[in-house]
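Counting from 112, one number per residue, gives the positions in the sequence shown under the working numbering.
Keep in mind the hints are simulated off the structure, nothing from the lab. Note that the coordinates shown come from a computational prediction; the quantities given were computed from them, not determined experimentally. One or more of the hints may lead you astray.
[Claimed, not checked] Here are the simulated lysine-lysine pairs, DSS-like style, with alpha carbons at most 25 Å apart:
(1) K465 x K518
(2) K434 x K411
(3) K210 x K295
(4) K510 x K465
(5) K172 x K217
(6) K465 x K516
(7) K531 x K493
(8) K307 x K176
(9) K295 x K307
(10) K164 x K217
(11) K292 x K210
(12) K268 x K307
(13) K531 x K518
(14) K408 x K434
(15) K217 x K292
(16) K418 x K390
(17) K516 x K505
(18) K505 x K531
(19) K292 x K258
[To be verified] Computed Cβ-Cβ distance ranges for the label pairs, DEER-style:
(20) D492 x E528: 37 to 43 Å
(21) Q503 x S383: 38 to 44 Å
(22) S416 x D537: 31 to 37 Å
Glycine included, C-beta positions come from ideal geometry on N, C-alpha and C.
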Amino acid sequence: MLLVRRQHNFLRITRSLLSVRLIAFNHPSTVIPANKMAWECQRSPYLRQFESKVVSCTPAKLEGKNGFDVVLEDTILFPAGGGQINEVPVHDVRRDGSKAVHFTEKSLEVDANAHIVVDWNRRFDHMQQHTGQHLITAVFENRYGYKTLSWNLGKVKSSIELSCKSMTQEEIDCAELEINKAIKANTPVSVHLYEKDDPGLEKIRSRGIPDDFAGPVRVVEIENIDANTCCGTHLANLSHLQMIKLLHTEPTRGCTRIHFLAGNRVMNTLCSMINTERKLTQILSCGPEDHVDQVQKLQKTAKSSQKAARNYLREIATLEAEKFNNTSDLVLCVHREDGDMDFLNVINSKIRNKNAIIFLSVGSNSTGGQFLLTGPPSLIDKIGPSVAERLQGKGGGKKGRYQGKAKAFNKITDVQEFVKNSAVADSS
Numbered sequence: 112m113l114l115v116r117r118q119h120n121f122l123r124i125t126r127s128l129l130s131v132r133l134i135a136f137n138h139p140s141t142v143i144p145a146n147k148m149a150w151e152c153q154r155s156p157y158l159r160q161f162e163s164k165v166v167s168c169t170p171a172k173l174e175g176k177n178g179f180d181v182v183l184e185d186t187i188l189f190p191a192g193g194g195q196i197n198e199v200p201v202h203d204v205r206r207d208g209s210k211a212v213h214f215t216e217k218s219l220e221v222d223a224n225a226h227i228v229v230d231w232n233r234r235f236d237h238m239q240q241h242t243g244q245h246l247i248t249a250v251f252e253n254r255y256g257y258k259t260l261s262w263n264l265g266k267v268k269s270s271i272e273l274s275c276k277s278m279t280q281e282e283i284d285c286a287e288l289e290i291n292k293a294i295k296a297n298t299p300v301s302v303h304l305y306e307k308d309d310p311g312l313e314k315i316r317s318r319g320i321p322d323d324f325a326g327p328v329r330v331v332e333i334e335n336i337d338a339n340t341c342c343g344t345h346l347a348n349l350s351h352l353q354m355i356k357l358l359h360t361e362p363t364r365g366c367t368r369i370h371f372l373a374g375n376r377v378m379n380t381l382c383s384m385i386n387t388e389r390k391l392t393q394i395l396s397c398g399p400e401d402h403v404d405q406v407q408k409l410q411k412t413a414k415s416s417q418k419a420a421r422n423y424l425r426e427i428a429t430l431e432a433e434k435f436n437n438t439s440d441l442v443l444c445v446h447r448e449d450g451d452m453d454f455l456n457v458i459n460s461k462i463r464n465k466n467a468i469i470f471l472s473v474g475s476n477s478t479g480g481q482f483l484l485t486g487p488p489s490l491i492d493k494i495g496p497s498v499a500e501r502l503q504g505k506g507g508g509k510k511g512r513y514q515g516k517a518k519a520f521n522k523i524t525d526v527q528e529f530v531k532n533s534a535v536a537d538s539s
């Protein structure tokens, strides 16, 4: 039996494909027919193409960009979804009461027919994440009493905030097992519509209905698991999720945020991890089972090397200071590419002549680094900003100490000459 038949037999969608099921709950309620849903994207979430008529087209702006707000008689583009109308890209779809407003770059003629094509990969991914969220929410609430406070549909992974300060790994593992058991059981997902004053809605999980809501209340039911008010696009069956993987948790505002992957994202992430594993196997010259041990050994070696390098730099800094102390010079300029701020401070702390002008810098010519300028306050306060400007950087300080960051050291020799000449001019 055909649910949708369009002119010239261009597109036919079977009821088995859409699987929009209307099953009464175990309480007395009046179910509204499916054709009373607000938009075709809700009635037929698996529909990839659709034809409608342009009702209005008015100039508008989106994030400072000029365009047009287009309203159609009906749409398969879900508000906050994407796709294209004819050859006109749709950059945003938002809800305005009972209307779905499409933002396009070009105008469309009122009463013209519009052929709509949905970005199917994006739509199906969002359906998997949204239905997955409903399932995860239901399992954690039914099993542990943890209520969902909010959720976020991310580009790579999604997350749910639950009303618990923390949760154990055992709780996560048990919930994940129950979630995937429901997926393997081929559990149906159905849509129900009710009047806003239907008493049966009191038993339905809901986070509230928008003030400008128009039309019947839409309830999405996962058979024998959950029933929740929702206007979004959902899968027809949990089997279309394939799998859900619960990831790490983190505390947030006295609650717990749990991250998850659903549907195709599980496979995509697995493929990415396998590619990373292959690269690590080549780099570390060992099998995947030895990656952790090998990385820990490298970390230990790196820490030892870094400690040795710091000690060598401190010794070099001490030698630089002693070499200067054995002269009658009043100006010391030192630049190293491989130093750090500790290197600069060691040199400066070991200079015995407190009236000497010390200009020290570390970093590469192209990417810059840090600098330190010390000496008589009157001179340092005067030339400090000029030094920072010549190094294309910023700095600050007081009482004869000026330090900052440089964007480049390609003119370090010229800056050193500037410091020396300023010192000579100040002493004369």
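What's the verdict on K531 and K493, does the C-alpha distance respect the 25 Å limit or exceed it?
14 Å, holds
Look at the Cβ atoms of S416 and D537 and judge whether their distance stays inside 31 to 37 Å.
43 Å, violated
Would the hint linking K217 and K292 be met if the CA-CA limit is 25 Å?
Distance of about 48 Å is beyond 25 Å: violated.
Can you confirm whether the C-alpha distance between K516 and K505 stays at or below 25 Å?
6 Å, holds
Between K164 and K217, is the straight-line Cα distance small enough, at 25 Å or below?
Holds, because 16 Å separates the two Cα atoms, which is no more than 25 Å.
For the pair supplied as a hint, K510 and K465, is the alpha-carbon distance within the 25 Å limit?
Status holds; Cα separation ~12 Å.
CA of K172 to CA of K217, is that 25 Å or under?
12 Å, holds
Hinted pair K531 and K518, Cα distance within 25 Å
22 Å, holds
With the threshold set at 25 Å, check whether the alpha-carbon distance from K295 to K307 stays at or below it.
34 Å, violated
Compare the distance between the alpha carbons of K292 and K258 with 25 Å, and conclude whether the hinted pair is satisfied.
Judged against 25 Å, a Cα distance of about 21 Å means the pair holds.
Does the alpha-carbon distance linking K408 and K434 stay inside the 25 Å limit?
39 Å, violated
Does K292 pair with K210 here, judged by a C-alpha cut-off of 25 Å?
It is violated: about 39 Å lies between the C-alpha atoms, which goes past 25 Å.
Hints 1, 2, 3, 8, 9, 11, 12, 14, 15, 16, 20, 22, counting from the list given before, are not met by this structure.
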